[in-house]
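Build the full structure now, drawing on both the sequences and the hints.
In order, the protein sequences belong to chains X and F.
Under my numbering, the first residue of the first sequence carries the number 1, and numbering increases by one thereafter.
Under my numbering, the first residue of the second sequence carries the number 1, and numbering increases by one thereafter.
I should point out that these hints are in silico values taken from the structure, not numbers from a laboratory.
Each hint should be verified, as a subset may be incorrect.
[As the list claims (entries may be wrong)] Selected chain F positions facing chain X (Cβ under 7 Å, derived; list incomplete):
#  : residue
1  : Leu57
2  : Arg60
3  : Pro122
4  : Ala123
5  : Phe140
6  : Pro156
7  : Gln160
8  : Val162
9  : Val205
10 : Gly209
[Unchecked claim] Derived list of chain X stretches under chain F, where covered just means 3 residues or more per stretch with a C-beta under 8 Å from a C-beta of chain F:
#  : region
11 : 42-56
12 : 132-140
Beta carbons are placed, not taken as given, at the ideal position from N, Cα and C, and that holds for glycine.
Protein chains: 2
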Amino acid sequence: MIRIAVLASGGGTNLQALLDACAAGRVDGRVAVVLSNVPGAGALDRARAAGAAVELLPSRGVADREAYDRAVLERLRPHAPDLVCLAGWMRLLGPAFLAAHGPLPSTRGCPRVMNVHPALLPAFPGLHVQQAALDYGARFSGCTVHFVDAGTDTGPVIVQAVVPVLQDDDARALAARILVQEHRIYPQAVQWFAEGRLSLEGRRVRVAGAAAAEGALVQPAS
Amino acid sequence: MIRIAVLASGGGTNLQALLDACAAGRVDGRVAVVLSNVPGAGALDRARAAGAAVELLPSRGVADREAYDRAVLERLRPHAPDLVCLAGWMRLLGPAFLAAHGPLPSTRGCPRVMNVHPALLPAFPGLHVQQAALDYGARFSGCTVHFVDAGTDTGPVIVQAVVPVLQDDDARALAARILVQEHRIYPQAVQWFAEGRLSLEGRRVRVAGAAAAEGALVQPAS
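Laid out in structure tokens, this is it:
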């Protein structure tokens, strides 16, 4: 059973997917602590409802990113997380935070911070990505669970899922379709980590024991 | 019946898909001429076998791109193409060529040059894209038929298809899987053009008469 820390800035639906997967035994782990930088974030209510520890560390107006990162580390430390999951976490994490959760022998080269992004990276990194996909005229988008590095949505890909972009989509409709897939693939990625099946070769993530097309990716739903 | 000019530098399998689709009546058009910049290109043999006119205009050592583009235009002009299809054409086309095949009232804002690219644009433009997708660790790739603008693989997307990237893929295996989809979607895009169903809004290509998810995209094969 791994101990998971979740960092969330928003409503927390991906946090909820992780909480539900742990409760249902689909993830061999437990959300030990949820930290938010936004007072009143829905994620905090979800954490409390599930009996997870809650840490609030407001970031508004905080200019010293390194000091903030150190404060996050201090709040997480007592909970001894094996894995940190970003779930709608709207701040970049600096090198000190990432170094503190870097690869261990037991993680076979894999860092210990994951994120989910609502696009098929490397397409559409950053913010407002559904509108970007629509404006580009992309026929497909999706979501990506990846290890976190110092860049914005640049880390090694663990799993992706594809959804179609429909002709009459707006950003809200596309976001909702993608979110369904985020809730599928994020617990899947965490479970692979918990099972010790992930390893890193260059920036390619291998999933041990997976069939060629099974496990290493999630096929489109439709 | 539209008249199609195909520009090809290589073996010409996408040309063959267009020739076959025209012969089978899946495209309401005819390949009037095939122009290659590479002596001995397989595309030329395929064109001759199908009874299309053939133009060879070697580009090796040609430094004046504008002059070369003008020469291409002159070779195509007698064949009066309604649409120019790039199929493994390894040269950028300049503004004079693109202006000569710009939008007409009858094409509802759509330019008259198309290309097929072996990746899910905007991911992996340019060359060596299958290796780039593998090195990135992408779980999906695919192909894109798009209108051509002055950039490299930046024009408006007409249709895309997705394929999985398998854990043990090399660039050759991935390229072969993608090529199957290229041969499906390129004739489809040309047929939509021939039927007058395509229009351009900003950089979004609309497909008239298509259901929300039908026509506007090709679902993954598996």
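Status of the hints after comparison with the structure:
At about 32 Å, the closest approach between the beta carbon of F:Leu57 and any beta carbon in chain X exceeds 7 Å, and the interface hint on this residue is violated. At a threshold of 7 Å, the smallest CB-CB gap from F:Arg60 to chain X is about 33 Å, leaving the interface hint violated. Checking F:Pro122 against chain X by beta carbon gives a least distance of about 5 Å; that is within 7 Å, so the hint holds. Given the 7 Å rule on beta carbons, the hint for F:Ala123 holds: about 4 Å separates it from the nearest Cβ of chain X.
Residue-level restraint check for F:Phe140 holds (minimum Cβ-Cβ distance to chain X is 6 Å; threshold 7 Å). A hinted interface residue such as F:Pro156 counts as satisfied when its beta carbon comes closer than 7 Å to some beta carbon of chain X; here the least separation is about 5 Å, so the hint holds. Taken as an interface hint, F:Gln160 checks out: its beta carbon lies about 4 Å from the nearest beta carbon of chain X, inside 7 Å. For F:Val162, the interface hint holds, the least distance from its beta-carbon to any beta-carbon of chain X being 5 Å, beneath 7 Å.
For the restraint placing F:Val205 at the interface with chain X, the shortest Cβ-Cβ distance is roughly 6 Å, inside the 7 Å limit, so the hint holds. Annotation: interface hint on F:Gly209 violated; nearest CB of chain X at approximately 11 Å, more than 7 Å. Counting residues of the region 42-56 of chain X whose C-beta sits closer than 8 Å to any C-beta of chain F gives 0, which falls short of three, so the coverage hint is violated. Counting residues of the region 132-140 of chain X whose beta-carbon sits less than 8 Å from any beta-carbon of chain F gives 7, enough to reach three: the coverage restraint holds.
Consistency note: the structure conflicts with the earlier hints numbered 1, 2, 10 and 11.
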